Amino acid sequence: MSSASFERGYHAFKEQIDSSVAAYFQSCVSCGMCAEACLFYTETNNPEYTPIYKLEPLRKVWEQEYTLWGWLKSSIGLSRKLNDDDLKQWQHYIYDSCTLCGRCSMVCPVGNDIVSMIRKAREGMVAAGHAPEGQIGASKRAVTIGSPMGVKLPALQAQVRHIEKDTGLTIPFDTEGADYMVLLSSMEIMNFPEYLEAIARIMKQAGKTWTLSSQAFEATNSGIQIGSTDIARELVSRVVNAAESLKVKTVISPECGHAYTAIRWEGPNLMGRSFDFKVKHIVEVLDELRAQGLLKTEGFEEQRLTFHDPCQLVRRGGVVQQPRNLMNMISEDFVEMPDAGMMNWCCGGGGGAAAIEEAEELRTQAFMCKKNQLDEVKADALVTACANCRIVMEEGLEAYDMDIPILGLTELLAEHLVEEN
Amino acid sequence: MNYAEFLIWVRGDAFHWSLAIFIFGVTLRLLEIILIGRKANLAEKRGSGVAGGIRTIFTRFMPNQAVLPRVMHTLVAGYVFHIGFFIVLLFFAPHVALFEAAFGFGWPALPNGVIDFATIMAILGLIAVLINRLRNPVQRMLTGFGDWVAWFVTLLPLVTGFMAFHHLVEPYPLMLALHILSVELLLIVFPFTKLMHTFTLFLARYYTGENAGHRGVEI
Numbered sequence: 005m006s007s008a009s010f011e012r013g014y015h016a017f018k019e020q021i022d023s024s025v026a027a028y029f030q031s032c033v034s035c036g037m038c039a040e041a042c043l044f045y046t047e048t049n050n051p052e053y054t055p056i057y058k059l060e061p062l063r064k065v066w067e068q069e070y071t072l073w074g075w076l077k078s079s080i081g082l083s084r085k086l087n088d089d090d091l092k093q094w095q096h097y098i099y100d101s102c103t104l105c106g107r108c109s110m111v112c113p114v115g116n117d118i119v120s121m122i123r124k125a126r127e128g129m130v131a132a133g134h135a136p137e138g139q140i141g142a143s144k145r146a147v148t149i150g151s152p153m154g155v156k157l158p159a160l161q162a163q164v165r166h167i168e169k170d171t172g173l174t175i176p177f178d179t180e181g182a183d184y185m186v187l188l189s190s191m192e193i194m195n196f197p198e199y200l201e202a203i204a205r206i207m208k209q210a211g212k213t214w215t216l217s218s219q220a221f222e223a224t225n226s227g228i229q230i231g232s233t234d235i236a237r238e239l240v241s242r243v244v245n246a247a248e249s250l251k252v253k254t255v256i257s258p259e260c261g262h263a264y265t266a267i268r269w270e271g272p273n274l275m276g277r278s279f280d281f282k283v284k285h286i287v288e289v290l291d292e293l294r295a296q297g298l299l300k301t302e303g304f305e306e307q308r309l310t311f312h313d314p315c316q317l318v319r320r321g322g323v324v325q326q327p328r329n330l331m332n333m334i335s336e337d338f339v340e341m342p343d344a345g346m347m348n349w350c351c352g353g354g355g356g357a358a359a360i361e362e363a364e365e366l367r368t369q370a371f372m373c374k375k376n377q378l379d380e381v382k383a384d385a386l387v388t389a390c391a392n393c394r395i396v397m398e399e400g401l402e403a404y405d406m407d408i409p410i411l412g413l414t415e416l417l418a419e420h421l422v423e424e425n
Numbered sequence: 008m009n010y011a012e013f014l015i016w017v018r019g020d021a022f023h024w025s026l027a028i029f030i031f032g033v034t035l036r037l038l039e040i041i042l043i044g045r046k047a048n049l050a051e052k053r054g055s056g057v058a059g060g061i062r063t064i065f066t067r068f069m070p071n072q073a074v075l076p077r078v079m080h081t082l083v084a085g086y087v088f089h090i091g092f093f094i095v096l097l098f099f100a101p102h103v104a105l106f107e108a109a110f111g112f113g114w115p116a117l118p119n120g121v122i123d124f125a126t127i128m129a130i131l132g133l134i135a136v137l138i139n140r141l142r143n144p145v146q147r148m149l150t151g152f153g154d155w156v157a158w159f160v161t162l163l164p165l166v167t168g169f170m171a172f173h174h175l176v177e178p179y180p181l182m183l184a185l186h187i188l189s190v191e192l193l194l195i196v197f198p199f200t201k202l203m204h205t206f207t208l209f210l211a212r213y214y215t216g217e218n219a220g221h222r223g224v225e226i
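If you're matching them up, the sequences are chains A and B in order.
According to our numbering, the residues represented by the first sequence are 5 to 425, in order.
According to our numbering, the residues represented by the second sequence are 8 to 226, in order.
Hint data in this document are derived by calculation from the structure and do not stem from the laboratory.
Remember, predicted model here, so these are calculated numbers, not experimental data.
The beta-carbon is built from N, C-alpha and C at its ideal position, and this holds for glycine as well.
Not one of these hints is a red herring.
Some chain A residues near chain B, calculated using beta-carbon distances under 10 angstroms: (1) A39; (2) A41; (3) T54.
Bound-form chain A, shown alone (with noise of 0.2 angstroms):
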C-alpha cells in the first residue's frame, strides 16, 4: 500500500473490469431501485448512497477503456476522465456507506450483481490509495501479526487453557489427520472465547476429532474486505498451508460472514486452485450433525428469540434453511423478524465498516433497519451467527438503548447439549 497512486488505482480499475462487469454497466437504466434495497439509503434518504451511483468511478473506467463509443466522447471532450480527487470523494461511498451486503444485488431488474462491483472497486481504491485507516491497519496488522485485532497465538492459548481448566476437556492444537480444523475470529479469542468452549463440547458428544493450528487460527480476512487481492490471498494461504499440512478433512470458518466468503468463495480463486480439503460455515456443520443424530440437546429456551442472518451467509453463501434448523431444536419461542433469512438487513458493519471510526455515526443512523426489525417482533434475545454482527448490533442497541441480549447460536446449542458427566 506504500506506493499506491492515482495510475495504479486506475490500471487496478481497468485490471478488475470483466465481462460481467462490462454487462452490468451497459444493462443498468438508472431506476434506482437499488437505493431502496441499501440501508444507507432508506434510513437517511441520501442519493449518493444508491448502490450503482457508488460505482461511479470504475463505470467511466469501463465506459473509457473498454467501449468504443466512451473512448470517442473522451477523446473529443464530451466526457471527463477519472481524477483523483473523484476517488478521495468516493471512498466514503466505496467503504463507509457499504458493508458488501448484497441486499442491491437482490433486487435489481437487469440482474446486476451491483455488490460484486463494490467489491472490485476496493481493489481500484486501495491501489490508488484511498482506503480507509482503519482498515489499513487491520489488514496490515492482519499480515504482520496475524489478526487484524493484534491477536497472537500465546493470546490464544491462554485462553485455551482457561477454558481447560473450566472444563476438564481438551483443546487440541496441531492434530494430524483430524476431522475438522476449527478457525475462530480474533472478536471470538478475545470477546466471545464461550464458542471455542462450545465446539470443544459439541465435537466431543458428536465423537469427532478437532483441532486448532498454531500457525492459522485467525479467519477473518481484511484483505477482502478492504479490497486487496495480495493480502487476501496471504491471508488466505496460510489457512490452506496449514490445513493440507495437517491433512484435515474440513475446515471450519467460525461465527463470521466474511470470513466465510473468503475461504470457501474467494479462496480457491485467489489461490488459482481448489482444496485438498472442504470448507463449512460452522453453522453448516452443526447441521449436519443434527441430521446424522450426532447433535443431541435438551430443553428449550423460553425466552423469545429472533435469528439474525449474517448477509454473506445468506445472500452470498446460501446457508439459510440450516441455522433455523438448529434455532428450533432449542427454541420454544423462535420469531422471525420482517425480511429474514435472504432479505436480511445487515448490522450495518460488515465488509469492514466497523473499522472505519469516522462511519460511526452513519452506523449508528443506518441501524435504525434492525431496530424497526425488532421493534417488530419484540424478542427477549437475539442470536446470530458472526462476531462481527454481534459486536456491531450491540453497539447499535446500546445506542438507542435497547436492552436486548445477543447470542451466539453455537454456544446457545451448546447450552442445551445433552452430556454424560
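Keeping the supplied structure of chain A fixed, place chain B upon it in accordance with the hints.
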C-alpha cells in the same frame, strides 16, 4: 422531394442505413462485453451455475417482494410501458407484415382496437416513467443526457404511429414517413444508449445467476 419521394427514401435508403447502424452497433456493443472474458470459478460448487443463470433470466422479471412497496411507482410505470410497447411492435398488422417480408414468416396480428389501447398504455407508461424520473431524487441524480435522449426517441415512434393510424395529420404519406423516420432514429440511437439493456440484461442476469447458482444461493 415530394411526399411520395420522401416516403420512398424513408422506406428505402434511410431504412437500410439505420438498420445497418443498428445491427453493427448492437453487435459491436455485445462483442465489447463478451470479448473481455471472465475467469473460471475454482471454488467447489454447491449447485449448478448454468441452471442458476438460466433461472435468474426468468426470475428477475418479477420484483423482489422485500422492496416492492418502495418501488411500486417505478415498477408499474415500467411494466405498463414495456407491455404496451411490445404489443404494438410485434402485433400491429402492418408490423407483422413487415416482419413477414423480412424473415419469411409471420404470426397472427391483434385487432386494431387492442393495438390502439396498447399504444395509449405505452405512451402513458412513458409519461409516468418521466414523472418518476423527475420526482424521484435517486433517479434524477442517476439520469444522464443519454437517458433523456433514449426516453424521447422511444416515445416518438409511439406518438407518430398513433397520429398516422388515426390520420391526425394529413397527408397520410407524410405522417407515415415521419413515423418510419422516428423508428429509424430509434434504431440509430439504440446501440449508443441504455436502450442496449434490451439485449444485455440477459447477459447480466445470467452472470449474476450463474455465480449465485454455483454457490447454491437461490436468488
